[in-house]
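There are 2 protein chains.
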Amino acid sequence: MATVAILGAGIMATALTFPLTDNGHEVRLVGTHLDRDIIESIQQSGLHPDLDLTVADGVTAYQLEDAATAFQGVDVAMSGVNSFGVHWAGEQLAGLIEPGMKVLSITKGMETDDEGNLTILPEVLKSKIAPELVSQVTWSAIVGPSIAGELAVRHDTAVVFCGEDQASLDELAQMFRTDYYHVWTSTDFIGHEVGAAMKNIYAFAAGFAQGLIDKNGEQGQRYGRFNYGAALFAEGQTEMEQFMELLGGDPRTARGLGGVGDMFVTSMGGRNVRAGAYVGAGVPFSEVRDQHMKGVTLEGVAAIRKVGSALAPLTDRGVIRPEDFPLLRHLYAIIAEDAPLEIPWDSFFTAPGMPVTGRP
Amino acid sequence: MATVAILGAGIMATALTFPLTDNGHEVRLVGTHLDRDIIESIQQSGLHPDLDLTVADGVTAYQLEDAATAFQGVDVAMSGVNSFGVHWAGEQLAGLIEPGMKVLSITKGMETDDEGNLTILPEVLKSKIAPELVSQVTWSAIVGPSIAGELAVRHDTAVVFCGEDQASLDELAQMFRTDYYHVWTSTDFIGHEVGAAMKNIYAFAAGFAQGLIDKNGEQGQRYGRFNYGAALFAEGQTEMEQFMELLGGDPRTARGLGGVGDMFVTSMGGRNVRAGAYVGAGVPFSEVRDQHMKGVTLEGVAAIRKVGSALAPLTDRGVIRPEDFPLLRHLYAIIAEDAPLEIPWDSFFTAPGMPVTGRP
Numbered sequence: 001m002a003t004v005a006i007l008g009a010g011i012m013a014t015a016l017t018f019p020l021t022d023n024g025h026e027v028r029l030v031g032t033h034l035d036r037d038i039i040e041s042i043q044q045s046g047l048h049p050d051l052d053l054t055v056a057d058g059v060t061a062y063q064l065e066d067a068a069t070a071f072q073g074v075d076v077a078m079s080g081v082n083s084f085g086v087h088w089a090g091e092q093l094a095g096l097i098e099p100g101m102k103v104l105s106i107t108k109g110m111e112t113d114d115e116g117n118l119t120i121l122p123e124v125l126k127s128k129i130a131p132e133l134v135s136q137v138t139w140s141a142i143v144g145p146s147i148a149g150e151l152a153v154r155h156d157t158a159v160v161f162c163g164e165d166q167a168s169l170d171e172l173a174q175m176f177r178t179d180y181y182h183v184w185t186s187t188d189f190i191g192h193e194v195g196a197a198m199k200n201i202y203a204f205a206a207g208f209a210q211g212l213i214d215k216n217g218e219q220g221q222r223y224g225r226f227n228y229g230a231a232l233f234a235e236g237q238t239e240m241e242q243f244m245e246l247l248g249g250d251p252r253t254a255r256g257l258g259g260v261g262d263m264f265v266t267s268m269g270g271r272n273v274r275a276g277a278y279v280g281a282g283v284p285f286s287e288v289r290d291q292h293m294k295g296v297t298l299e300g301v302a303a304i305r306k307v308g309s310a311l312a313p314l315t316d317r318g319v320i321r322p323e324d325f326p327l328l329r330h331l332y333a334i335i336a337e338d339a340p341l342e343i344p345w346d347s348f349f350t351a352p353g354m355p356v357t358g359r360p
Numbered sequence: 001m002a003t004v005a006i007l008g009a010g011i012m013a014t015a016l017t018f019p020l021t022d023n024g025h026e027v028r029l030v031g032t033h034l035d036r037d038i039i040e041s042i043q044q045s046g047l048h049p050d051l052d053l054t055v056a057d058g059v060t061a062y063q064l065e066d067a068a069t070a071f072q073g074v075d076v077a078m079s080g081v082n083s084f085g086v087h088w089a090g091e092q093l094a095g096l097i098e099p100g101m102k103v104l105s106i107t108k109g110m111e112t113d114d115e116g117n118l119t120i121l122p123e124v125l126k127s128k129i130a131p132e133l134v135s136q137v138t139w140s141a142i143v144g145p146s147i148a149g150e151l152a153v154r155h156d157t158a159v160v161f162c163g164e165d166q167a168s169l170d171e172l173a174q175m176f177r178t179d180y181y182h183v184w185t186s187t188d189f190i191g192h193e194v195g196a197a198m199k200n201i202y203a204f205a206a207g208f209a210q211g212l213i214d215k216n217g218e219q220g221q222r223y224g225r226f227n228y229g230a231a232l233f234a235e236g237q238t239e240m241e242q243f244m245e246l247l248g249g250d251p252r253t254a255r256g257l258g259g260v261g262d263m264f265v266t267s268m269g270g271r272n273v274r275a276g277a278y279v280g281a282g283v284p285f286s287e288v289r290d291q292h293m294k295g296v297t298l299e300g301v302a303a304i305r306k307v308g309s310a311l312a313p314l315t316d317r318g319v320i321r322p323e324d325f326p327l328l329r330h331l332y333a334i335i336a337e338d339a340p341l342e343i344p345w346d347s348f349f350t351a352p353g354m355p356v357t358g359r360p
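Line by line, the protein sequences are chains A and B.
Here my numbering is used: the first residue of the first sequence is 1, the next is one more, and so on.
Here my numbering is used: the first residue of the second sequence is 1, the next is one more, and so on.
The following block holds chain A by itself, in its conformation from the complex (with noise of 0.2 Å):
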């Protein structure tokens, strides 16, 4: 049986720990500086406040200034914050992995500089770390389509964990697999995390329906939205996979868990999606982030932010033509500009390869 440390007491870190404890690994759980509650109420009952379950006996909490204790001499470092904390988490597994664990993550999504180069997340996380100690750990990250507490009640859930390294991944994956938590492994890392990254983007839009339907006042009414919603949806898809084989990944990702898998579930519903709605109804997106959404973290708005940023450069660069990714382009106006929101229909579909033919 194998130990591992998570930093960060989440609801995905901490759905993690049922498959690990199922398959009578020892976990030990860190909360970060906004966990300290969590923490507290799982060391004095297991009872994980968010996700209103009981942590099973093989996970033991730990506060932030235990992290020293609680990574020493585990087989596997998770980090188990989100995207936002990514640097944070670097700097905090600089001082707490060692040579020969296996890193593993859930955080997901990239970072762009002022050029347009777009950087997975985990590449962000090893940049914290001195370069000798990342060559002696190996690095992956879990993807694909997961609700934290679906797993956390042992529903069926299907995900990738990506990496560099086969072997790593097949002793990850054998962790982590039971007849519940189904782990599929694969060395395109890149394809797999620009994947994650894309699909918060689109739960984005996925929203736009529900919001039109709310502004005409056709709550109830017999017809919905569903092919607007579709067309969104398959246009994300082949943005998803233009992107992926951009930034060097297979474009074949998409089509799998980590692609329109990830894209399905991250559109039935959550933050991102509800934020979008507010738009779909009309309303300013700065007004959404301001008021009515005011303090909500919203993944998929800071990847719209971080990757569509990145669109221009690539496009002065003429790295992307200036018709690639119209959707794309068109959120983060919404976002960045506050645009109305106005689907540039007739540039869909245009992707190179595509085997359609639009508006003359």
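FYI, nobody ran anything at the bench for these hints, they're computed from the structure.
Watch out, some of these pointers could steer you wrong.
Same chains, same names: a pair is fine if it fits in one copy or spans any two.
What the hints assert, rightly or not - Here are the simulated SDA-like cross-link-like pairs (lysine to any residue), alpha carbons at most 20 Å apart as the crow flies: (1) K215 - G269; (2) K306 - N23; (3) K215 - R154; (4) K128 - W88; (5) K215 - D179; (6) K306 - A336; (7) K128 - H25; (8) K215 - V153; (9) K215 - E287; (10) K306 - R321.
Just so you know, these numbers come straight off a predicted model, no measurement behind them.
Put chain B on the given structure of chain A with help from the hints.
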């Protein structure tokens, strides 16, 4: 302005009259023997009783015995019946179409023979027509995510007109395009027809999650089964893409409106999803068919039976591997052999070229 005759007065055929008449075209809507009441209602009051909408002034309704009058001299001859009526529709059209017409079909899907050879339904239509006439008309079809009622109330709808002749596709698309009906064209006839059949197949699987929730008394509980649905959706997508390629279509069609877009909208609800929910709840399919949904048209189930029955001969002939299409094989076992639902998770995502590895 053009004249269009449509054989069939169901909700999809009738929904298509809205963009046509909005563009000033004349439409002659011809009921089948099953549509007598619909035609009578439209003739008397303009009301389509199933859509619960009044058709435009530019639509004239004809009973079947007046079909020859309706089709005489039209520019476009449409088949507006569903896949169950394709042989009948072909036989009717054989006597109605004239050289120079553009034939446009909404009849979608595939048929199979005993050796597992699959034929797209437009070919079945053609097979009923005299060969010299077949070559004197052009053949096209409408595919993509389109709930009829949403189109009829002029909600944004994005589709693909696919066919053999690009010039005809351009003309047809131009006739139908409005500010709410967004039309792309494609000469990947096979890929799009395969997508149209496969999306109905996987819609049946989209009902399983709800059935499991019902069976386990999880209604109203905090955590649903979206992870499960997303995994089936992703596997469906990989199988759809593989099938397109197998039959000589363009696998890239799977990523757009005629693939994932159509599968998305079809998964959101409808009769096939409802049938799948019964199976998810543990009801043998024969009982669903003979009791709970007796007499209900299930195009998805019919497609599973047709396409699924081709898998064994195709495997025997070495055209596909035994491990190909695991979800479709299981769906076939459910509807043809009353197999209980048991998702073969470990065989998923093994399509050739998929950049993931499963359980060893």
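To see whether the hints hold, each was checked on the structure:
no.	hint	verdict
1	K215 - G269	within (19 Å within a copy, 23 Å between copies)
2	K306 - N23	neither (38 Å within a copy, 42 Å between copies)
3	K215 - R154	between (38 Å within a copy, 16 Å between copies)
4	K128 - W88	within (9 Å within a copy, 69 Å between copies)
5	K215 - D179	between (44 Å within a copy, 19 Å between copies)
6	K306 - A336	within (10 Å within a copy, 50 Å between copies)
7	K128 - H25	neither (28 Å within a copy, 65 Å between copies)
8	K215 - V153	between (36 Å within a copy, 16 Å between copies)
9	K215 - E287	within (16 Å within a copy, 43 Å between copies)
10	K306 - R321	within (19 Å within a copy, 43 Å between copies)
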